[in-house]
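For the sequence shown, the working numbering assigns the number 107 to the last residue and increments by one with no breaks.
Source of the hints: derived by calculation from the structure; they are not laboratory data.
Pair ranges (Cβ atoms, derived):
| hint | residue 1 | residue 2 | range |
| --- | --- | --- | --- |
| 1 | M4 | G59 | 45 to 55 Å |
| 2 | L51 | E14 | 19 to 29 Å |
| 3 | N64 | E33 | 53 to 63 Å |
| 4 | P68 | E39 | 27 to 37 Å |
| 5 | N27 | Y80 | 50 to 60 Å |
Glycine included, every Cβ here is placed at the ideal spot set by N, Cα and C.
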Amino acid sequence: MTHMLSGNDAMSLEPAQGYIVMVSAYNNLYVGEVSASAESQTSDGCPTAPLISEKAQEGTCGVNWTEPSGDKGNITGYSYWTPDSCLLLSRNLSLRHQNKTRNGQSL
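Please construct the entire structure, taking both the sequences and the accompanying hints into account.
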């Protein structure tokens, strides 16, 4: 049986934090023995949107943005695209390369 704890459970879980969890079964009259402890860590969470500081000018394809402040976890890359052309560009910060895809296919 699996149950995922979330911030809405008995306590508020913090991103990227380790927790020790123990489980016991209960019924209308009794609480059973407590299990052995298990260690787990919450995920970094979902990054917030970057702040666009300069939009592309007519006839150009470029944009400047500012990294989100006080963000959840370690940002490892950015994805940006133009809805009209379905061209998706991704930049992986750790590998310093760029992936280009169109409609899910690599270019």
